[in-house]
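Chains A, B, C and D, in that order, give the protein sequences.
Residues 1 to 402, numbered by full-length UniProt numbering, are exactly what the first sequence covers, in order.
Residues 1 to 402, numbered by full-length UniProt numbering, are exactly what the second sequence covers, in order.
Residues 1 to 402, numbered by full-length UniProt numbering, are exactly what the third sequence covers, in order.
Residues 1 to 402, numbered by full-length UniProt numbering, are exactly what the fourth sequence covers, in order.
Simulated from the structure, these hints should not be mistaken for lab results.
Don't take each hint at face value.
[Unchecked claim] Partner residues aside, some chain A positions facing chain D, computed with beta carbon under 10 Å:
1. 353
2. 363
3. 364
4. 379
5. 388
[Claimed, not checked] In silico PhoX-like pairs for lysine-lysine, Cα to Cα no more than 25 Å straight-line:
6. D:5 / C:22
7. A:382 / B:6
8. B:382 / B:286
9. D:382 / C:156
Computed from a predicted structure; not experimentally measured.
All C-beta atoms in this analysis are idealised placements derived from N, C-alpha and C, irrespective of residue type, glycine included.
4 protein chains.
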Amino acid sequence: MAEVKKAVLAYSGGLDTSVILKWLGDTYGCEVVTFTADIGQGEELDSVRPKAQALGVKEIFVDDLREEFVRDFVYPMFRANAIYEGEYLLGTSIARPLIAKRQVEIAAQTGADAIAHGATGKGNDQVRFELSAYALNPDIRVIAPWREWDLNSREKLLAYAEQHGIEIEKKKGGGSPYSMDANALHISYEGGVLEDPWTPAEDDMWRWTVPPEAAPDQAQEVDLTFERGDIVAVDGERLTPYEVLARLNRIAGAHGIGRIDIVENRYVGMKSRGCYETPGGTLMLKAHRAIESITLDREACHLKDELMPRYAKLIYNGYWFAPEREMLQAAIDASQTHVNGVVRLRLYKGSVSVVGRDSANDSLFDAAVATFEDDAGAYDQKDAEGFIRLNALRLRLGRRRR
Amino acid sequence: MAEVKKAVLAYSGGLDTSVILKWLGDTYGCEVVTFTADIGQGEELDSVRPKAQALGVKEIFVDDLREEFVRDFVYPMFRANAIYEGEYLLGTSIARPLIAKRQVEIAAQTGADAIAHGATGKGNDQVRFELSAYALNPDIRVIAPWREWDLNSREKLLAYAEQHGIEIEKKKGGGSPYSMDANALHISYEGGVLEDPWTPAEDDMWRWTVPPEAAPDQAQEVDLTFERGDIVAVDGERLTPYEVLARLNRIAGAHGIGRIDIVENRYVGMKSRGCYETPGGTLMLKAHRAIESITLDREACHLKDELMPRYAKLIYNGYWFAPEREMLQAAIDASQTHVNGVVRLRLYKGSVSVVGRDSANDSLFDAAVATFEDDAGAYDQKDAEGFIRLNALRLRLGRRRR
Amino acid sequence: MAEVKKAVLAYSGGLDTSVILKWLGDTYGCEVVTFTADIGQGEELDSVRPKAQALGVKEIFVDDLREEFVRDFVYPMFRANAIYEGEYLLGTSIARPLIAKRQVEIAAQTGADAIAHGATGKGNDQVRFELSAYALNPDIRVIAPWREWDLNSREKLLAYAEQHGIEIEKKKGGGSPYSMDANALHISYEGGVLEDPWTPAEDDMWRWTVPPEAAPDQAQEVDLTFERGDIVAVDGERLTPYEVLARLNRIAGAHGIGRIDIVENRYVGMKSRGCYETPGGTLMLKAHRAIESITLDREACHLKDELMPRYAKLIYNGYWFAPEREMLQAAIDASQTHVNGVVRLRLYKGSVSVVGRDSANDSLFDAAVATFEDDAGAYDQKDAEGFIRLNALRLRLGRRRR
Amino acid sequence: MAEVKKAVLAYSGGLDTSVILKWLGDTYGCEVVTFTADIGQGEELDSVRPKAQALGVKEIFVDDLREEFVRDFVYPMFRANAIYEGEYLLGTSIARPLIAKRQVEIAAQTGADAIAHGATGKGNDQVRFELSAYALNPDIRVIAPWREWDLNSREKLLAYAEQHGIEIEKKKGGGSPYSMDANALHISYEGGVLEDPWTPAEDDMWRWTVPPEAAPDQAQEVDLTFERGDIVAVDGERLTPYEVLARLNRIAGAHGIGRIDIVENRYVGMKSRGCYETPGGTLMLKAHRAIESITLDREACHLKDELMPRYAKLIYNGYWFAPEREMLQAAIDASQTHVNGVVRLRLYKGSVSVVGRDSANDSLFDAAVATFEDDAGAYDQKDAEGFIRLNALRLRLGRRRR
């Protein structure tokens with residue numbers, strides 16, 4: 001095992017990464033730098049610094065990356081209408097590249113030769129962290145303790161913590177039985193009873209959305225304003241990207257919107273059950289499709305639809321910093337110039353529907369052409385005959401042969 | 001204009017096709033055969049035959065195609081998880097090829113040299129009818145009166161009807177202001193106030209679903225059983241394809257499920273607003289994705305996802321009987337061998353969610369591998385390191401160059 | 001028929017367009033502006049102006065578009081490695097958008113309300129001209145005499161010419177029996193004996209390449225230098241885009257390189273036989289793939305390969321000025337930053353092969369990693385085990401089920 | 001390391017696999033079964049059995065898989081017109097799944113619990129062998145000595161052989177400096193001077209084809225007859241699949257056809273230089289495209305072209321026995337029903353061209369429609385106007401907006 005001088009650890013302040021912090025020093029004899037990012041997970045980060053200090057860390061980074069996260073990662077992804085396997089809005093996937101990017105930057109800044117993370121060897125997150133890190137610094141050393149050590153249960157972790165004098169806060173209520181992850185876009189749940197795909201999720205598992213049954217009996221409408229494919233205002237109020245998403249999370253969460261419960265295919269080869277709450281993102285996707293429906297050219301729309309599954313898969317698998325993702329992004333972004341306007345959504349007890357869409361200068365909807373009434377010559381119905389006959393020519397020749 | 005001896009008219013018994021019936025005889029001097037299909041539109045067809053007789057028709061076909069429609073058209077399409085432009089379940093599109101097919105068969109049977117339909121020159125349906133007809137009989141003559149005559153308003157049609165002694169039933173309540181179409185899969189609404197995409201649909205427009213607000217306060221669960229990708233039972237009761245769809249329409253409609261309101265891109269080049277109710281189909285799609293989530297291989301799933309937009313576009317544009325649709329169908333069908341099992345859905349006030357999925361013999365979900373707990377060696381976490389390192393190799397070489 | 005004031009005619013000085021010139025004035029009573037482009041077709045254009053003057057034309061445009069053609073149309077297309085139906089390098093297709101663009105510009109400049117062209121109603125060129133024109137000026141009127149008049153044979157054209165005092169030069173040798181088209185990228189042949197796909201092309205048909213049998217007995221090597229995917233030098237000599245292509249046409253033509261003989265699928269629905277000489281383009285494609293082979297990331301390469309058929313089809317069908325072509329171009333161009341270096345080709349009696357490729361700063365070929373010899377730890381063979389095992393996991397789970 | 005009882009080794013009789021044979025026994029204490037396949041590599045296999053016996057092997061399999069190889073692997077692949085990265089005909093890739101399949105069968109038959117192969121840890125072949133084996137027997141143990149041992153040079157292998165009494169034939173002329181692989185479809189060369197992509201391949205490296213300069217001065221024509229996409233006769237003589245390929249290898253090799261020299265992207269992440277001779281395959285691909293050009297529907301052809309790169313990549317990467325390959329094969333095979341007829345090729349000094357194609361009953365080429373002469377009404381040129389106008393509509397609406 002090559003020597004490690006200094007490692008930047010993605011540190012949450014919880015049990016796992018506190019144990020890793022200690023274990024890194026013991027195992028590799030290296031100095032540890034901690035890095036904690038605020039990406040909108042909604043947890044208090046004030047206690048992270050004193051905890052790290054108590055464990056002897058000298059270089060401690062606690063960064064607010066919320067705006068960068070939504071502006072440079074979430075927004076570009078939503079321009080693509082990205083959904084993985086028909087259901088999943090990629091809430092965890094999209095955060096990993098940013099964390100790895102900052103971790104690699106801190107390594108450069110602090111002269112560290114390694115980074116470390118607390119993701120397990122079974123999941124997608126290890127892949128996303130490491131592909132991102134390698135893509136940004138091909139010589140970085142990556143340490144993934146879960147793939148190396150034998151502390152493969154909560155009991156062993158607790159024993160190690162006690163043995164090494166790591167103070168662990170008792171979580172209120174005894175902690176969640178689920179493996180959870182949160183950021184400004186979503187919160188996820190895995191493990192526990194979810195490991196049987198026939199067993200329903202428990203009602204009290206969900207944290208960001210009320211049950212649809214508990215949502216208001218009155219529907220609410222919300223107007224979203226788009227510029228070049230991105231939401232810039234909610235109900236007419238101009239907001240930053242993070243503010244938009246935070247606002248939409250609150251609004252949609254209150255109406256019980258954005259829960260999904262799926263079995264997904266992990267990049268490492270297995271199927272796994274996951275439950276996700278993406279309240280704001282659910283509104284964003286619905287509204288983005290709707291504004292595109294009046295401002296985007298048909299074939300541009302269809303090309304985007306055909307490219308999307310591949311784009312979503314790239315993000316799911318951890319290839320954000322790969323040239324093929326950048327190529328697809330270039331194509332997607334090139335389509336968004338005219339995606340400007342307002343969409344009105346209606347939220348009610350778990351579902352969201354589009355009730356209006358408008359674009360002052362960029363609409364391609366031409367009522368004069370589309371009308372069922374007399375169109376005053378805007379469209380010559382006789383053109384359709386030639387259109388059909390030439391499109392049919394190959395089919396007719398094909399049938400004659402049979 | 002080449003002579004026409006006999007034409008098979010797709011006849012509904014309503015104003016438009018009654019006028020066409022008369023107009024065909026007057027304009028082409030041809031005999032007219034009428035053909036009316038029951039494809040689950042839910043209208044009484046008993047009066048069609050006497051109406052046609054009253055207009056002097058000698059050869060009258062009224063066919064029940066409901067099972068054929070669902071079994072041979074709707075079901076294969078749902079195996080593909082087909083959605084057009086992210087929203088539309090292709091309810092109208094999928095019915096047209098069947099009608100054209102039967103029309104061409106009747107032409108052969110009755111010695112007719114032409115078929116006629118009542119679709120306008122602005123819409124997709126003319127294309128779907130005619131591409132299907134030409135693909136099945138390359139020498140058939142197609143007559144599309146709306147592209148030929150000058151009866152381009154309801155007033156002119158009524159005048160023509162009166163002038164030619166065509167009796168028109170007054171619709172109750174004065175008729176709908178919308179252009180509507182229905183079959184076992186859906187009912188559609190276009191025109192009227194919908195021609196402004198900012199104007200919401202009127203509450204009393206919808207016919208097959210209750211408003212979510214009026215749906216029961218109690219959620220309902222329903223179990224769908226799949227065999228080779230097709231639903232064969234509802235809540236354990238074995239049903240024919242049409243029975244399945246009819247049952248699901250009732251169940252989902254009662255919970256306000258399946259409404260959409262979109263602007264779509266027509267094949268003839270314009271955007272148009274459409275509202276659709278597809279209650280049963282909405283459940284079918286959700287459940288099919290869910291049963292695939294545990295029984296379909298990851299890459300088979302992803303290939304299906306990438307092919308789907310093109311497949312959906314082919315159906316939307318009218319290419320059901322085209323070799324490229326048949327090629328895609330062969331690929332899709334080849335993936336469904338193991339898509340067997342049960343999905344439990346939960347319906348509540350306009351939305352549907354998956355609460356369980358199970359497959360006795362075909363599940364690829366392996367809890368032993370996926371577990372967050374000790375997996376007793378089912379998966380070696382160390383494998384992940386090599387997996388990531390080789391996937392990262394090209395990215396690292398790429399970065400070194402920069 | 002709406003009135004036409006002034007039409008810009010794409011004028012070659014030959015029989016067809018001279019007749020059209022006259023016919024336009026007679027039929028539409030409009031003034032005619034002529035436009036003739038030098039796009040490298042290799043014909044003398046000096047006589048075009050006097051001919052047009054002799055026919056009474058007042059506004060005559062003869063433009064040298066050779067550099068614009070190669071720089072802005074041919075080069076971007078070759079970045080995509082575009083080939084239609086596995087064989088055709090799109091020589092005719094890529095020239096049409098430029099001609100239409102200039103024609104629309106001249107219309108704006110001269111106050112013309114229409115453009116006219118001499119393409120027939122059966123071919124692809126009418127589509128390419130008109131889609132381009134409409135995309136650039138949605139209100140332009142297009143006149144396609146071949147779809148309107150009854151002069152549907154050479155005899156009728158000659159009679160019309162004589163009758164209207166149009167002087168026609170006798171072509172040396174009685175003219176070609178083929179329908180031909182040429183520009184800097186290629187020359188094409190259709191019609192005549194080629195209308196039977198079993199009949200070989202005649203030896204004396206080909207004009208730009210010697211027969212392979214007549215090529216030198218000595219192979220020749222040529223070095224092509226690339227910058228960002230474009231060729232900027234030949235054998236070390238820096239050249240403009242048009243100069244590059246002209247030089248390569250001469251070199252490759254002398255070695256009998258670049259002939260193809262195919263049956264292709266036209267956009268209007270029929271199959272047609274075409275023979276093409278694309279000597280320079282054949283070298284460009286081969287060399288571009290070779291320089292990409294050492295400088296382009298694997299997945300970027302594969303994404304380009306998957307997008308290429310669609311991109312080629314768009315160009316073939318006339319959609320150069322469509323948003324979906326621009327999206328694909330954005331993706332393709334985004335991949336070319338590092339496509340820099342030199343490729344050495346070997347030309348011999350009709351075939352071209354790659355004998356070397358090098359890139360001083362942008363090669364991704366890492367001999368230290370790739371070597372069959374000891375690689376001093378550049379690559380850890382043990383990584384392959386985990387790589388394979390995780391890629392195999394889903395296949396193993398799939399087989400267990402069966 | 002779990003115990004191994006018996007291993008089936010893919011055995012060639014050469015140095016490497018003889019050492020592996022011994023090493024397996026020594027390292028794992030297991031019995032070894034040898035398996036040698038004749039897949040048309042053109043080597044004498046008579047000496048394999050005595051060699052294995054001399055090394056103490058009791059169960060020895062030498063199987064003639066030539067017909068199965070061409071019929072069930074090569075032919076289906078050529079239906080797809082498969083080319084990897086624009087150049088490579090997948091000669092090595094397509095043989096590996098068959099070898100693995102037979103190896104797994106022999107394991108079942110002999111009660112072996114492992115298979116072993118002599119592929120290195122850097123290449124694609126290990127992946128192809130192992131993915132195929134795992135896909136067919138998820139519980140098989142795979143032993144890849146090159147990834148385990150430290151015999152990482154020819155010298156160490158020779159020393160080991162001497163030390164363990166393994167007799168090694170001296171290759172005539174001292175052996176090739178290249179790493180080579182051959183089967184009925186191709187022979188490949190890697191390593192040696194090829195490890196510098198600027199260095200040309202040496203003239204005396206190539207074994208199956210004469211240099212184009214040494215090919216006959218007279219061109220040769222050859223007729224290939226297709227049934228459902230497969231070649232069934234050469235110059236009118238009906239042959240089995242293997243006989244076809246062997247015959248075409250001889251014919252094309254004599255004309256110097258089928259050499260390529262490329263840098264390719266390996267699945268394990270690096271670029272590598274490879275030279276390949278695929279004489280017969282080069283004819284097969286050219287001819288298959290030509291017969292499809294007159295018998296395959298346009299959109300079926302284009303769909304195949306778009307799916308091809310992905311299909312080729314699957315085979316290159318070793319996913320022959322994966323469900324997504326089977327799905328694509330189903331689509332491809334569904335397109336080949338009418339791919340019947342004859343193609344005439346012309347071979348001359350390294351290049352092959354198509355000079356004729358004909359299909360008695362399945363041609364879609366309709367001279368009456370395609371002709372430049374009067375078509376007697378087979379095609380109405382006026383149809384083109386409507387076709388173009390409706391295809392242009394979205395472009396015109398798009399431009400109006402700008």
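Right, here's what the structure says about each hint:
1. 353: Not OK, violated: residue 353 of chain A not within 10 Å of chain D, min 27 Å.
2. 363: holds, 8 Å
3. 364: holds, 5 Å
4. 379: holds, 8 Å
5. 388: holds, 8 Å
6. D:5 / C:22: The given pair, whose Cα atoms are some 92 Å apart, is violated under the 25 Å limit.
7. A:382 / B:6: Status holds; Cα separation ~23 Å.
8. B:382 / B:286: violated, 36 Å
9. D:382 / C:156: holds, 19 Å
Violated hints, listed in ascending order, are 1, 6 and 8; each of the other numbered hints is respected by the structure.
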